[in-house]
Amino acid sequence: MPISYFLVLSALLFSIGVYGVLARRHAVLVLLSIELMLNAVNINLVAFSALLEKAGLDGQVFALFVIAVAAAEVGVGLAIVILIYRNSQDTDVGELSLMKW
Amino acid sequence: MAVDERKLSDARKLSDARKSGFGLGLLKGMAVTLKHLFKHNTVIQYPDEKQDLPPRTRGVIALKEENCTVCMLCARECPDWCIYIDSHKETLPPKRAGGRPRKRNVLDRFAIDYSLCMYCGICVEVCPYDALFWSREFEYSEYDIRQLTHEKERLADWMTTVLPPPELEQGADLPGQPAAAAASATVEATGARPANLTSSAVEARPEQAATAPREGSFTTEPARPASSLPPQEQKRETSPEDAQPAPGLDTEVKAAQGLPGATTQPEPEVTLGAGRAAESVTQPADTAQVGSDATSAPEGQPPQKTPSVAAEPAVTAAEPVSQAGLRNLGGQAPVARPSTEPAGVAEDPEAAYRRVLQEQASRGSSPQVAEARAKVARVKAERGMARTATPAPATAPVQSAPQATPTEPEPSGAPEAQGPAPEPGPVAPTADEDRTDG
Amino acid sequence: MPEIALTAWQILLVKVLVILTIVPVGALAGGYAEHKVMAHLQHRLGPMYPGGFHGWATTLADGLKFLYKEDIVPDAADRKVFSLAPAAIFVPVLMIYLVIPIDRNLIVEDLDVGIFYLLAVGSISTIGVLMAGWSSANKYALIGALRSAAQLIAYELPIVLSAAVVAMYAGSLSVIDIVEKQNFPFAIWPPGIGLIAFLVFTTGAVAEMTRVPFDMPVAESEIITGPFTEYTGMRYIFSHMFAEMGHMVAFAGIGVTLFLGGYKPIIPWSPLEVVPGVIWFGLKFALMIFLFLWIRPTFPRVREDQLQKFAWKFLIPVSLVLVLAMGAWVLYV
Amino acid sequence: MAEIWQEVVFWVFAVAMSLAALRVVTSSNVVHAALYLVGTLMGAAALYVLLFAEFVAWVQVLVYVGAIVVLMLFGLMLTRAPIGKAHFDNNQRLLAAVVAGALFGVTSYIMVRAFDGTDVNFARTVGTKAGGLGEVIFSAYILPFEVVSMLLLAALVGAIVVARKDEEVEGHNAD
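Chains as they are written, first to last, in the working numbering: chain A, 17 to 117; chain B, 592 to 1029; chain C, 2 to 334; chain D, 5 to 179.
Next up, chain A with everything else stripped away, as it sits in the complex (with noise of 0.2 Å):
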C-alpha cells in the first residue's frame, strides 16, 4: 500500500484542524482542532516508522512524544479556558481582547 495514502489523509486531517483553528470562537472547539492537527502529525510519524522498519521504531516514539505533549497543552489550555470562562463568562475567543490595546 503506498505510504501516499497515509500522508494524504494526514495533510487532510491538518487542513481540516488549521481550518477549525481559524473559523471558530469557541477556546474549546480551537483547542480541540489542535488536537486534530497533532493527530495528523502522529499519523505521519507512524506511518514512516513503518515505512521505515528498519531504520528503527523512532517515529513512534515521536507519536508517543507527541501525544504526551497534547496531553499537556490540553491541561494548560483548558485550564486557561476555565480562568477566563470564570472571569468573563465566555469562551469566546475573539472577544479576548482585554490586553490588546
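Please keep in mind that the hints were generated in silico from the structure rather than gathered at the bench. Glycine included, C-beta positions come from ideal geometry on N, C-alpha and C. One or more of the hints may lead you astray.
As the list claims (entries may be wrong) - Quick list of in silico lysine-lysine cross-link-like pairs, DSS-like style, CA-CA up to 30 Å:
#1 C:K314 <-> B:K619
#2 C:K16 <-> D:K133
#3 B:K619 <-> C:K37
#4 B:K619 <-> C:K310
#5 C:K310 <-> D:K169
#6 C:K140 <-> C:K314
#7 C:K81 <-> D:K89
#8 C:K314 <-> B:K630
#9 C:K182 <-> C:K16
Stated by the list, open to error - Partial selection, computed: residues in chain C whose CB lies under 10 Å from chain B:
#10 H36
#11 A40
#12 H44
Said to hold, decoys possible - Cβ-Cβ distance ranges computed for the label pairs, FRET-style:
#13 A:D106 <-> B:S706: 37 to 43 Å
#14 C:R105 <-> D:R97: 55 to 61 Å
#15 B:H627 <-> C:Y69: 32 to 38 Å
#16 D:R168 <-> C:I23: 53 to 59 Å
#17 C:Y69 <-> D:R97: 46 to 52 Å
#18 C:V19 <-> D:R168: 47 to 53 Å
#19 C:I23 <-> B:I736: 51 to 57 Å
Based on the hints, put chains B, C and D in the right spot on chain A.
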C-alpha cells in the same frame, strides 16, 4: 449509667483502633459483615410464614358503630382528613307521655381512606365514646387505590379482632368509680376555667360510662351483645341529660339515684358521703362486669348501667367540694377529712404524702402503687399551696357548677347538642366533596 | 471425533460470539450473586421466589421486566448522543474480556501489550458516561456524569500504576507472561509491594465500577442515578446494570490475572497441576467477586471531596512509591 | 490478499476519520464536536494498529480518548455546553477554508511527489513489540523522554495554579 459507660468504652475502642494502625477499622468492618454471613438469618418469609405479632399490634382502625355519635371529632382531628362521615338526624318519640320528642344522629357512612391514613391513631385517642379501636389486622391491601377507602361495614368487621382492654393493674381505679371522675373533674377545674369545669366533667364521664357497654362487645362472637341494647339508649346513658335518670331503671340505680338530691348542697361532708355511697353501689356492678367479661354473656348489661349512672351524681357532687379536700383523695374517696374552708386551702405536702401512704398501706395496695399515689398527693398538695393566693376563680365555679353541669353540655361529647353536621366548617363539606369525587 | 478445521476468521468469530454470550450471562449471574451475597452479609435472605429455588431467576426476571419497559427519550435530550451513550459505555466492557486468560490457551487474543490494552479500553467508558449525563438534559445526570468522569480519571491512575508494578515484576505487558511469571505467594510477593499493589488495585477497581463506597456518581440519595437518571428499559440495563456487572466481572478477571496467579494452582504442588486451570481461575475469580460484593454492604458511601482527596493524596502517592519500590526490587534483588 | 484487506480497512477508516474531522470543525454543538473528535482519534488508533504500532495505538486510546477528550468534555461541561445548536464560527470561515484548502493542496502535492512509489511493507505479520519501543525510548531518547516528563509535570502544576480560585492562591492552604 450502663449505657454511658458502654458508649465511653466504644469511643475508647474507636480511638484505640485509630491508634493501632491504618485500615484496621476497615478490616474490622469487613469482619463484622463476614460474621453475619455465617449467622442464621432471621428473616420471616412473610406470605408463607407469618410473624407472631404482639396481641395489641396497631394494624388498622376498627369502628364500633354503635358507639359512634357522629360527633366528628375524629374527622376533625385527623391530620390527613381521611375519615369521611355522613349522618342524618332522626326524631324519636318521647320517652314519657308528654315529653318532648328527641333527636339523635344516625350514622350513614363512616369511611377511612387508608391510602391517606398515616396510622397516627389520633382518631382513636380522640374518640370520646370509644367507637374507634386499633385492630391487629393488617392484610387489607387492594389492587386499586380507590378501594382502599374502607366503609363502615369493613371497619366494623375488624372489631372482631379487637382484644378486650387489658386487666387493670392491682389497686387501680375501677371503671365507673365515681371518685375518679370527681377527682379528675376537680383537677381540671383548678385550671380556673369555669366553663371547663362542666366540660371536663362531661368528658370524664363518658369514658366511665362507655367502658360498661364496651365489655359486652369485645367478645368475638358474631352477634355483638351490645346490639341487644339499642344504640340510642346507650347514647342516652352517656348524654348529660341523664343526670336525672329516666324511670324504669333497676333498683340499684334508684339506690344511687336517691343521693343526687344531696348534691346540690355545697356541703363537703355530704358530697363525700355521696361519693362513698356511689362507690359502694358500683362495687357489685364491677364484679358483675368482671363476671360478664369472663363469661362473655350479654346479660351483663343491666348491672353495667349502674356505674355509668352512678358516676354522674358523683360528678355533680364532687364539684362543690373544696378542691383541697378532694385533691388529696388520690381518686379513692377515702375517709372524709373535715375541711373547714370551702376552697383554697391545702395541707402540707409532706403530711399529705405520709397520710396517703398510710391509707394505701392500710388498704392493702402494693407498695409501689401506694408510693405512687402518695407522691401524686404530695404534688397535688404542693400545687394547691401555690394556688392558695388566688382563691377566687376556684370558688366561683363551685357555686355555679351544680346548675351548669347537667343542662349545658357545652363543648363536645354530647350528641344532642350537635347537629348532623356539627361544625358547618371544614369537615362536612370535605366529606361531601370527597364523596362526589369518589 | 472428526477434526474440525477452522480458519482463523472462524475461530475469531466463535470467540467473539462466546464473549457476547458470556458477558450478559455473567452479568445476570453476577447480579444474582450480588443480591444473595449482600443479603446474607446483611442477615437477610435476598430473593427467594423467582425461579423456585432460592430465586435463581431473579435477575432474569428483572431483565425481562426491563425489556418490556417503554424506551423513553426525554424531549429536551440530545437524541443521538443519548442513544449512543449506552453502547459507548457497554462496548468497551465487552472489549476488556478479549485479553483475560481463563487458561493458558483459553484467551481470545494474547496481545503483546495486554495490560495496556485492558487499561486503555477500560478508560473509554468514561466518555460514554459523560455522553449519557450531558445528553439527558437533566441536572442530576450532568452532575453525576461530571462526578463520574472525575472519579474515573482519578482512580484510573492508581490502577495503571499498580498494574505497572506487576508488569515491572514480570518484565512484560502480556497477560500470559505475567501469569507465568507469578509464583506461589502470588499477591504477597514481592513482600509488601505486591499486597499493597493488590489493595490499591482493588480500591481503584471498586471506584472505577462506581460501586459502594465510591458510588458518588450514582448516589441515589443525592442525584438519583446520576448519569443514568433518564434511562429506561434496555438502555438502562446496558448503560448501568450490565456495565457495572460487566466491569465487576472484568476487574475480577484482571485482578486474578495480575495479582492472584490467574489459572495457576493455589499451591505449587504437582497433584494440583492435574486440575485444569479453568477451575483455579474460577475459584480465584469467585473469591475476587466475593471481595467486591463483600465491600459493598460493609462500608458507607464516602463524600465526593473525600473520594477525590483519597485518590489524589493517598492512592496515587502510594502507588508511585510502589512503582519505585518495585523498580528497586527488580534491580537489586 | 492481505494487502487488499488492509487497504479496505484503511479506506473505511480514512473516510470515517475525514468525515468525523470535518464535523469536528463544522458542528454547531460543542459536545458533538468533541465526540466527533473521539471518532477521529479512534480511527487514528485503528490506523496505528494497521501500521504495526500497537503500543502507540493503545497509548492513543488511553491518553487521547481516555484522558484528553474526557478532559475536553469536562471543560465544555464546566463552561457552557448547551444541548442544541449554537453559533461557534467567526466571520473568517471563507478565508480559513481557502487557507486550509491551499495548505492541503500544497502539502499533499509535495508529499505525494516526494514519496511516490514508496510502499509500506504489509507483508510482515508481527507488530512492534513494546519491549523494543521501550529499549529505544530508554536508550536513544532518554533525554527527550525526561524532558517530556518534566514538561508534563510543569503543565500539571501550571494547570493547577492557573485554574485554582484566587482566594485559595492568596489565602492559606485550603484543605
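How the hints compare with the structure:
no.: 1; hint: C:K314 <-> B:K619; verdict: 24 Å, holds
no.: 2; hint: C:K16 <-> D:K133; verdict: 24 Å, holds
no.: 3; hint: B:K619 <-> C:K37; verdict: 22 Å, holds
no.: 4; hint: B:K619 <-> C:K310; verdict: 23 Å, holds
no.: 5; hint: C:K310 <-> D:K169; verdict: 18 Å, holds
no.: 6; hint: C:K140 <-> C:K314; verdict: 29 Å, holds
no.: 7; hint: C:K81 <-> D:K89; verdict: 13 Å, holds
no.: 8; hint: C:K314 <-> B:K630; verdict: 38 Å, violated
no.: 9; hint: C:K182 <-> C:K16; verdict: 26 Å, holds
no.: 10; hint: H36; verdict: 13 Å, violated
no.: 11; hint: A40; verdict: 8 Å, holds
no.: 12; hint: H44; verdict: 5 Å, holds
no.: 13; hint: A:D106 <-> B:S706: 37 to 43 Å; verdict: 53 Å, violated
no.: 14; hint: C:R105 <-> D:R97: 55 to 61 Å; verdict: 59 Å, holds
no.: 15; hint: B:H627 <-> C:Y69: 32 to 38 Å; verdict: 36 Å, holds
no.: 16; hint: D:R168 <-> C:I23: 53 to 59 Å; verdict: 46 Å, violated
no.: 17; hint: C:Y69 <-> D:R97: 46 to 52 Å; verdict: 49 Å, holds
no.: 18; hint: C:V19 <-> D:R168: 47 to 53 Å; verdict: 50 Å, holds
no.: 19; hint: C:I23 <-> B:I736: 51 to 57 Å; verdict: 44 Å, violated
Checked against the numbered hints above, the structure breaks hints 8, 10, 13, 16 and 19 and satisfies the rest.
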